[in-house]
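Protein chains: 2
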Amino acid sequence: MSPDAPRPMDIVFHPKSIAIIGASATSQETGWVATLRNFGYTGHIYPINPKVTEIGGLKAYPTVRDIPDTLDYAVFNIPARLAPQIMEDCVAKGVKVVHIYAAGFSETGKEEAKELEARLAATAKAGGVRVIGPNCMGIYCPASGLTFSPDFPREQGNVAFVSQSGAEAMRFIFLADGVGIRFSKVISYGNAVDLDAHDFLEYLADDTETEIIACYTEGVGDGRRYLEAIRKCLKVKPVVILKAGLTESGAGAAVSHTASLAGSKAIWDAFFKQTGAIPVNTMDDISDVILALLHMSYPKGRRVAMVGRGGGIGVIAADICERAGLKVPPFHPDTMSQLEKIIPEAGAGVRNPVETTYGMGGAAEFYAKGLSMVDADPETDFIIIQLAVDVYGGRQSDLSQQVSKAAEALCETVPTLTKPVAVAIYTGGHTHTIDAVLEARQKLLKAGIPVYTGVEAASKAVSKLIRYREMAEKR
Amino acid sequence: MSPDAPRPMDIVFHPKSIAIIGASATSQETGWVATLRNFGYTGHIYPINPKVTEIGGLKAYPTVRDIPDTLDYAVFNIPARLAPQIMEDCVAKGVKVVHIYAAGFSETGKEEAKELEARLAATAKAGGVRVIGPNCMGIYCPASGLTFSPDFPREQGNVAFVSQSGAEAMRFIFLADGVGIRFSKVISYGNAVDLDAHDFLEYLADDTETEIIACYTEGVGDGRRYLEAIRKCLKVKPVVILKAGLTESGAGAAVSHTASLAGSKAIWDAFFKQTGAIPVNTMDDISDVILALLHMSYPKGRRVAMVGRGGGIGVIAADICERAGLKVPPFHPDTMSQLEKIIPEAGAGVRNPVETTYGMGGAAEFYAKGLSMVDADPETDFIIIQLAVDVYGGRQSDLSQQVSKAAEALCETVPTLTKPVAVAIYTGGHTHTIDAVLEARQKLLKAGIPVYTGVEAASKAVSKLIRYREMAEKR
Numbered sequence: 008m009s010p011d012a013p014r015p016m017d018i019v020f021h022p023k024s025i026a027i028i029g030a031s032a033t034s035q036e037t038g039w040v041a042t043l044r045n046f047g048y049t050g051h052i053y054p055i056n057p058k059v060t061e062i063g064g065l066k067a068y069p070t071v072r073d074i075p076d077t078l079d080y081a082v083f084n085i086p087a088r089l090a091p092q093i094m095e096d097c098v099a100k101g102v103k104v105v106h107i108y109a110a111g112f113s114e115t116g117k118e119e120a121k122e123l124e125a126r127l128a129a130t131a132k133a134g135g136v137r138v139i140g141p142n143c144m145g146i147y148c149p150a151s152g153l154t155f156s157p158d159f160p161r162e163q164g165n166v167a168f169v170s171q172s173g174a175e176a177m178r179f180i181f182l183a184d185g186v187g188i189r190f191s192k193v194i195s196y197g198n199a200v201d202l203d204a205h206d207f208l209e210y211l212a213d214d215t216e217t218e219i220i221a222c223y224t225e226g227v228g229d230g231r232r233y234l235e236a237i238r239k240c241l242k243v244k245p246v247v248i249l250k251a252g253l254t255e256s257g258a259g260a261a262v263s264h265t266a267s268l269a270g271s272k273a274i275w276d277a278f279f280k281q282t283g284a285i286p287v288n289t290m291d292d293i294s295d296v297i298l299a300l301l302h303m304s305y306p307k308g309r310r311v312a313m314v315g316r317g318g319g320i321g322v323i324a325a326d327i328c329e330r331a332g333l334k335v336p337p338f339h340p341d342t343m344s345q346l347e348k349i350i351p352e353a354g355a356g357v358r359n360p361v362e363t364t365y366g367m368g369g370a371a372e373f374y375a376k377g378l379s380m381v382d383a384d385p386e387t388d389f390i391i392i393q394l395a396v397d398v399y400g401g402r403q404s405d406l407s408q409q410v411s412k413a414a415e416a417l418c419e420t421v422p423t424l425t426k427p428v429a430v431a432i433y434t435g436g437h438t439h440t441i442d443a444v445l446e447a448r449q450k451l452l453k454a455g456i457p458v459y460t461g462v463e464a465a466s467k468a469v470s471k472l473i474r475y476r477e478m479a480e481k482r
Numbered sequence: 008m009s010p011d012a013p014r015p016m017d018i019v020f021h022p023k024s025i026a027i028i029g030a031s032a033t034s035q036e037t038g039w040v041a042t043l044r045n046f047g048y049t050g051h052i053y054p055i056n057p058k059v060t061e062i063g064g065l066k067a068y069p070t071v072r073d074i075p076d077t078l079d080y081a082v083f084n085i086p087a088r089l090a091p092q093i094m095e096d097c098v099a100k101g102v103k104v105v106h107i108y109a110a111g112f113s114e115t116g117k118e119e120a121k122e123l124e125a126r127l128a129a130t131a132k133a134g135g136v137r138v139i140g141p142n143c144m145g146i147y148c149p150a151s152g153l154t155f156s157p158d159f160p161r162e163q164g165n166v167a168f169v170s171q172s173g174a175e176a177m178r179f180i181f182l183a184d185g186v187g188i189r190f191s192k193v194i195s196y197g198n199a200v201d202l203d204a205h206d207f208l209e210y211l212a213d214d215t216e217t218e219i220i221a222c223y224t225e226g227v228g229d230g231r232r233y234l235e236a237i238r239k240c241l242k243v244k245p246v247v248i249l250k251a252g253l254t255e256s257g258a259g260a261a262v263s264h265t266a267s268l269a270g271s272k273a274i275w276d277a278f279f280k281q282t283g284a285i286p287v288n289t290m291d292d293i294s295d296v297i298l299a300l301l302h303m304s305y306p307k308g309r310r311v312a313m314v315g316r317g318g319g320i321g322v323i324a325a326d327i328c329e330r331a332g333l334k335v336p337p338f339h340p341d342t343m344s345q346l347e348k349i350i351p352e353a354g355a356g357v358r359n360p361v362e363t364t365y366g367m368g369g370a371a372e373f374y375a376k377g378l379s380m381v382d383a384d385p386e387t388d389f390i391i392i393q394l395a396v397d398v399y400g401g402r403q404s405d406l407s408q409q410v411s412k413a414a415e416a417l418c419e420t421v422p423t424l425t426k427p428v429a430v431a432i433y434t435g436g437h438t439h440t441i442d443a444v445l446e447a448r449q450k451l452l453k454a455g456i457p458v459y460t461g462v463e464a465a466s467k468a469v470s471k472l473i474r475y476r477e478m479a480e481k482r
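Residue numbers (this note's numbering), protein chains in the order written: chain A, 8 to 482; chain B, 8 to 482.
Be aware that a few hints might be false.
Identical chains share a label here; the pair holds if one copy fits it or two copies do between them.
Using 27 Å as the maximum straight-line C-alpha spacing, the simulated BS3-like pairs for lysine-lysine come out as follows [stated by the list, open to error]: (1) K481 - K239; (2) K121 - K280; (3) K244 - K280.
Just so you know, these hints were derived from the structure itself, not from any lab.
Taking the hints into account, I'd like the entire structure generated from these sequences.
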């Protein structure tokens, strides 16, 4: 098959027609039909509802069988017990993909629900219908206008997210939106009676619109194929995996959630070690690593040049970096001599971390002059810049302005540097500074500079970026 | 000595008169003199400045020798090189305590600066003058009106903070202010040529105004006395210690900062294990543990009842708890049956974590009915309530109102429960929800409910609280 040939899975993301089975006649402005239309889905939408003849100006049909044209895709927005009959309708109609949004199947742990799910899967398989779900949100693909929330960004990006959990898919899209991450495809696949993580991963490995893949995984149906799919992806792009349920407490919770057997920690540790997939523990971790993958070139080594505050903050930051697998070595003597010329009052604070200046006021000025000196240091591989807005509790009257000036100076200077740069801006909990901090973050992100909530998040993300590169080089 | 007898160290916190040596004639509204007066210091203030006769309406003197009355305390707000002469003046005057605010001593690593510091210390010792510093911010004691920033809270609290770093002292006071923590005494002691951490700790052990002690420590001058002082404190109150410089990178930075030898990690690990002092890694950690110490009774064990979101968030949260040394076991079957009555749609999400309801809308209602059921569960020891405001990206129009309602319901219900409770509210980075989240946090904190930025922070803090209690019971 040529790389440009259409692939069977394409229809999952680019269906030409969609039926909403159980289209709501009462919530016409918020239901699936309205969501897809408002989001810009350009294919045919067929509302299916035997009780009405029209929904939102579109002709409604009693069943999919009554649709006069061919049908690519159907969403099951109906109670679980009605699913078998609907699936038979879909088979009869020749529907190619169904997304079973409905819950109430094996994830309940109840025998009759498990049987219902098995029956449904058998019908679909015999009839040649591919199934997403049940118990899932389905597909978000900005390019085709497929979505499960009207509030997702419409712009397309280069990140794919494959999530066993629908709520986590939703949560991650919004979280990522807050830091400017955009998606090629997001898949919430739930109980996975048919299409499973490995199917989506295999597709995404070859997907030219996807450059980074992230996964939320509780349990894996077919371990061997999952491993193979991840390996296939990793040959060409990074894969970040939040494997939930690695502890006894988490595994118990996972059984309740997606009926998944979480698998042993030892197996997963070996998996990450062998494959080079990037392991993370929280949704914030995923977004942090993606920011590094998107916006940083690969550091040549693990030696951090820490710029921002020296003193206690610097000592704490150095400890944090080393705990994340990095080093904060002294700068080369030439670098220190250079820095001493522009910040004589820093005393020994030119060693690394650099004590730029007392207060936020002088930060912008230092960035303009000092960052190029730090950039030229031969003893360090990349730069973390720390804006510690919290030192004065945000009480200075002009702090917001200072933060803004500092962010502007970074936007100007960072692109002129040769080494990778990450910025840590501590938000703090003070209402009177938080707006300025969030604004500075957005400014930096728009300039393509990765921003983190603190040195802990920054150092963890960069450390994972470095490890990914090391593993990729061995491959 | 009777417990009510005045102690020699009292004068450090409650001096009857203070001279500001190097009082600024040009910054009369922001200098030390104005700061102390505006903050409410009620003793005599003597500005020392040979160039003027008056500062801010107070008579200025050329030297401390010229002050007509006795003098308890002097602040050295002058360049390091002038310090020896000033110290001789103070000895001659019979000053009891001097605070050397000035930097430029041993922390610079320069030989002449080290000699200067040693000479200064010798003069003070021979003359019977106690010294705080040099290179430090000195004392904040709301009860006496001593402060090093005009912006610190004036209300007194029951937490003492002993900090080797001045910037960390400042930063922590503001950080703590944001979550309602108030102080009895804060000490920034810098290079500690005379008064060292152990002197302050010994005093605070007996200080009836102090119920919790926190320390920021880079290096220790007299290891044996430090250990003894910590042990003395721990007999009667908890001690939280941020030992910075435990890694090679951090130790290097600490040498630059306070000229401290950081000590080996093995020794400090043993110290924490033996003493039961509470180890933390960041300033946020200190504040998190203090919130638990202030607002939570001691859990009887390590078993968490997790209330909030089930699903993926619940699985991730359960993993986080277990990594923090806690457990999230299934509820007793009776508890699950009870919960099923009020949240039938949760399915298996009544097992623990509890999937309260889909969205924030129903949270308040669940708290009113469900928390007492969870509270009665015999299989769990304390409750973590998770408000995951980020799931919908804060896009619902009424989210702020829902968050507010949820916080109100918690303020009403939590005080009726028998088990300790911690609340985790994830802030997220969305400007349109952050105000509502910060407001909800303040509401809960005012009601005496400890609030954390996430389950990670909450579980770490509670785990440390439990360990402290376990160690205290062995003592």
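Results of checking the hints against the structure:
no. : hint        : in the structure
1   : K481 - K239 : within (15 Å within a copy, 55 Å between copies)
2   : K121 - K280 : neither (35 Å within a copy, 50 Å between copies)
3   : K244 - K280 : within (17 Å within a copy, 44 Å between copies)
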